[in-house]
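Novice: Fit chain R to the supplied structure of chain H, relying on the hints for placement.
Single-letter residue listing:
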Amino acid sequence: MPTTNATIALSSDITDNALSVTNTTTLNTAGTTVGLDAMTSVTKVLSSTNQVDLITTGTVSTTHAYVYINNPSTDNTEFFKITIGAAGGGSPTDTEEIGRLYGGDWMWFPWDVDDDICITPSVATDMTVEFQVFS
Amino acid sequence: MATTATITLTSADIAGDPVNVSKTATCTKAGATTDLDQSTGLQRVHLRSTANKVLLAANAEGNDLAAKVYIINKATDPTLYLTITINAQTIGKLYAGDWMFIPWSQTDTAANIEVAATNHTAGTGDIPVEYALFHEDTDFLTNA
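Protein chains in written order, with the numbering used here: chain H, 1 to 135; chain R, 1 to 144.
In short, the hints are calculated from the structure, not lab data. No residue lacks a Cβ here, since even glycine has one placed at the ideal position from N, Cα and C.
Covered stretches of chain H, going by a simulated chain R footprint (3 or more residues, C-beta under 8 Å): (1) 13–23; (2) 27–34; (3) 74–82; (4) 104–112.
Next up, chain R with everything else stripped away, as it sits in the complex:
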């Protein structure tokens, strides 16, 4: 029941020598070699709100347990971005095509992962967002 995530960073010309970094992580329970065993699966929403919307609701039971979050902005207009926040702390902006993969601590129930289509207008169309959560714990009904 394995979940693996591989990142590959490549550039032929951002430095004097080529950049080629590749790393695979096997997603396991906190401090263990046991695989994560729960997932939301891949989900898709269309975002048109310029205000923050809860994408993943934190559960304090998840604190100290392992959780990995994948989010991608599937828009094709390079100017359209999502603002990503955790507990009202802005992390960064995901522009069209950008993705992120992070561990998520859920330190308390306020540690929601929220997204906003900050520069959405009626003329820009919705921003499609795909995301998945892989996690552990026994009775965590994420986004239920």
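Looking at chain H on its own, in the form it has when it is part of the complex:
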């Protein structure tokens, strides 16, 4: 099985004693040491402020996945609202906002593939979003 690693290097000097954390995880199927074997890598350009389904549950055949989303914009004022919630019923209907991904920000999280991941650009001018799903 493939071996895929995700590493974070986190550093901060907000506090008097600086924080420096580095951790690597190997992406495995749920509860095992067997490596994930599927990957999707997509770049999209969004040209309206409508909420859209970015990653749908139907694109992943497992119940455990990892998601990377990147806002490559260099404009710090532009952001995406990232939401997750009930898919279907006229989806995108997701209402639980996880967070706002400003220009230059990225996020990484495990996904239980129960509900779609949706995205709402802050401006209607072309905004590029990049994402990868490992499952």
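Specialist: For chain R alone, kept in the frame of chain H given last:
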């Protein structure tokens, strides 16, 4: 007063060509280039509850402001996982060694980040969890 987070994703064999993605984010206040200036520091708890426990309590004052959350499951048993929820919406499961780094909107006071050691039993031992919050705003006493 900078906080930076770098992700590196690598795989030599999940695709026909190697995967190597690396991205560094400098954590700034919402819509600005000013660095975040508040942090909980790195904290550690031992979780044994199969019910949701509040790891980070939302404060509606944090809505529209920037906050970044780092969480890692420090268990070594690959079967042990944490279920991560925000406002009762399940996000995913963090298995042993897994970490996450997300922006957090705190859209209202119900938008707590909660964790549960869903498959914990007396025989599995506690799940060590480490986490940190980096954020802005003036009087937000997170987890106080």
